[in-house]
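Asks: So you can see what is in the structure, the chains are spelled out below.
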Amino acid sequence: MEEKVVNLAKEIRTNILDCIGSIGSGHIGGCLSIADVLAVLYGKRLKYRAAKPKLETRDRLVLSKGHAGPALYSALAASGFFPRETLLTLNQGGTKLPSHCDMNKTPGVDMTAGSLGQGFSCAVGMAIGSKIKGHSNTIYSIIGDGESQEGQIWEAAMLASQKKLSNLIAFTDYNHCQIDGTVEDINDIAPLNKKWEAFGFNVQSIDGHDLDAIDKAIAKAKSKNKKNGKPSMVILNTKKGKGVSYAESIGFKCHSMSLTKDMVEAGKKEVNA
Amino acid sequence: MAELKAMEMREVLVAFLDTELSKEKGNVVLLEADLASCSKTVPLMKKYPDKVINVGIAEQNMCGAAAGLSAYGFVPFIHSFGPFVTRRIADQLMISVCYAKQNVKIIGSDPGIAAELNGGTHMPLEDIGMLRSIPNIVIYEPTDNVEFAQALPQILAYKGAVYVRMFRKVPSPIFEEGYKFDLFKANVLKPGKDVSIFASGVMVQTAVNAAKLLEEEGINAEIVVVPTVKPIDAAAIIKSVKKTGAAVTAENHNVIGGLRSAVAEVLAENYPAPLTSVGVKEKFGEVGKIGYLRKAFNLEEADIVAAAKAAIARK
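Residue numbers (our numbering), protein chains in the order written: chain A, 79 to 351; chain B, 5 to 319.
Be careful, since some hints might not be right.
As the list claims (entries may be wrong) - Okay, derived cross-link-like pairs now, DSSO-like style, lysine-lysine, Cα gap no bigger than 27 angstroms in a straight line: (1) A:K209 x B:K27; (2) A:K241 x B:K51; (3) A:K132 x B:K27; (4) A:K305 x A:K331; (5) A:K183 x B:K27; (6) A:K130 x B:K163; (7) A:K174 x A:K209; (8) B:K234 x A:K241; (9) B:K194 x A:K241; (10) A:K241 x B:K50; (11) B:K50 x A:K174; (12) B:K163 x B:K194; (13) B:K163 x A:K209.
Don't read these hints as lab results, they were simulated from the structure. Note that this is a predicted model, so its numbers are computed, not measured.
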């Protein structure tokens with residue numbers, strides 16, 4: 079993988095720690111687990127112009143698991159959408175960076191999300207819109223594994239398949255953890271690959287922390303979608319809290335956790351080692 | 005096109021959408037959730053297969069997809085029966101549309117007792133109450149075709165969410181051709197001095213009938229049509245009640261959360277005056293023809309007459 083993308087992944091993790099650390103607590107686990115896919119998207123695959131965040135023909139990313147807003151903000155800051163210092167305003171009164179994504183507040187955020195299950199529907203709407211307008215862009219969406227318990231995800235999946243949305247590439251952040259425990263213990267979504275296949279998607283299941291694998295999966299999704307007219311689901315097998323051992327080691331309990339200044343520094347040292 | 009007064013309200017909508025969808029650079033799209041047959045938009049679906057989308061029986065996704073289309077620059081109209089584009093998808097409307105400031109037009113057909121034989125499951129009597137506390141949404145209930153035909157271009161021109169509580173069939177003609185309608189204004193249909201009757205939707209004709217009965221008893225009622233309950237035309241309400249000193253609301257909805265609540269809020273904060281109401285009181289919907297339902301829910305002329313007298317007695 080290009081050094082640029084490798085470094086971006088590190089920078090996103092660093093930013094996540096600073097961003098959430100600035101307010102002392104937040105959704106650290108599910109932010110760190112998607113840092114790598116964000117690095118490949120913003121460092122290589124996504125077509126955007128930071129100076130023109132509303133450009134009509136841009137690629138779009140709908141972060142349906144909207145509580146991972148700080149991860150997206152971290153990628154956006156690292157990609158020139160707004161100054162890095164803005165990250166330190168997370169959840170402060172009047173901030174442009176609320177815990178859950180708000181397209182009207184943050185440059186570069188393509189859709190408001192946070193009430194789970196809704197963002198993916200919006201991504202499907204965007205993909206339909208792109209087809210009506212004859213654009214050649216790609217609509218990406220990142221769905222949480224716990225979020226996949228929402229029925230609306232599957233309503234949207236059916237429509238994406240019905241409408242042959244070959245311009246849609248979705249990811250599942252399959253970190254197996256949700257607030258109250260493991261996905262398997264609470265309401266299992268397995269076999270996730272077979273479910274998406276049954277819903278008419280091209281499905282790949284990869285290591286969600288392998289930058290090369292993510293990059294190849296996107297390329298493969300694009301070519302396969304083009305050939306068979308289906309949308310794609312790339313299941314990212316991830317680890318909640320990836321890259322920061324004190325988060326990783328507590329499993330689902332790192333969904334939302336307190337972060338002291340010392341923890342921020344220790345975490346940054348670890349991700350940049 | 006048939007004469008406007010003879011048309012079903014859904015046909016007025018279809019004619020408008022047909023014009024907009026035919027525009028090559030137009031941004032209107034239409035989403036249906038397996039009720040295109042009921043809104044008579046099936047021909048549009050055939051004529052504009054790209055821009056008219058049947059999402060199937062999946063209203064939550066219809067709402068989300070509409071929000072995504074809006075974020076992409078389109079103006080989506082979504083349709084289902086009233087309860088299924090309001091209470092069923094309240095959070096999708098709230099977050100993906102209103103909170104996200106999307107430009108989605110929500111058509112809910114068969115308001116209140118107009119759902120007739122579909123009964124309690126399909127009879128929205130609480131939709132306005134549920135939506136009225138959400139910011140960034142206009143709530144409009146058309147009165148008749150003359151008004152609705154003028155409302156539609158205004159709804160399209162308005163940038164933001166609009167909920168239309170649409171009667172599907174031929175409505176009672178209320179306004180003469182040439183009547184000028186402003187989506188955000190209440191309208192004095194008949195001036196009077198003794199009591200103000202604020203009415204919406206199918207209750208406007210009932211109010212007209214009631215006013216005639218009151219006239220026979222020497223009571224001069226003013227009828228104010230309030231098609232848009234949010235934002236409410238407070239000035240028109242205050243002006244009328246300053247003149248008459250008493251108010252009645254008449255609505256095809258639960259008395260909690262709808263027109264009565266909106267008028268009561270305006271009066272309580274600006275010009276307290278006796279207020280009585282005609283509307284559905286602590287009941288679910290049920291099956292029946294509209295005549296039966298009017299009687300069952302106390303939505304008849306006689307109910308407005310009684311309410312008017314009660315309000316006047318408290319002056």
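Asks: If a hint holds in the structure, say so; if it doesn't, say that too.
Replies: Against the structure, the hints:
As the CA atoms of A:K209 and B:K27 are separated by approximately 17 angstroms, the hinted pair is consistent with the 27 angstroms bound. Taking the CA atoms of A:K241 and B:K51, the gap is near 17 angstroms; set against the 27 angstroms cutoff, the hint holds. Restraint check for A:K132 and B:K27: the C-alpha separation of about 24 angstroms stays at or below 27 angstroms, so the hint holds. For the hint pairing A:K305 with A:K331, the CA-to-CA distance comes to about 42 angstroms; that exceeds 27 angstroms, so the pair is violated.
Distance restraint check for A:K183 and B:K27: the Cα-Cα separation of roughly 33 angstroms exceeds the 27 angstroms cut-off, and the hinted pair is therefore not satisfied. A C-alpha spacing of about 22 angstroms is found between A:K130 and B:K163, which places the hinted pair at or below 27 angstroms, so the restraint holds. Between A:K174 and A:K209 the alpha-carbon distance is near 31 angstroms, which puts this suggested pair outside the 27 angstroms criterion. About 36 angstroms separates the Cα atoms of B:K234 and A:K241, which puts this hinted pair outside 27 angstroms; it is violated.
The hinted pair formed by B:K194 and A:K241 fails the criterion: a straight-line CA distance of about 51 angstroms is larger than 27 angstroms. Restraint check for A:K241 and B:K50: the C-alpha separation of about 15 angstroms stays at or below 27 angstroms, so the hint holds. With a C-alpha separation of about 44 angstroms, the suggested pairing of B:K50 with A:K174 is violated against the 27 angstroms cut-off. A hinted pair counts as satisfied when its Cα atoms are at most 27 angstroms apart, and B:K163 with B:K194 does not qualify at roughly 32 angstroms.
Simply put, B:K163 and A:K209 have alpha-carbon atoms about 23 angstroms apart, close enough for the 27 angstroms limit, and the pair holds.
Hints 4, 5, 7, 8, 9, 11, 12 from the earlier list are contradicted by this structure; the remaining hints agree with it.
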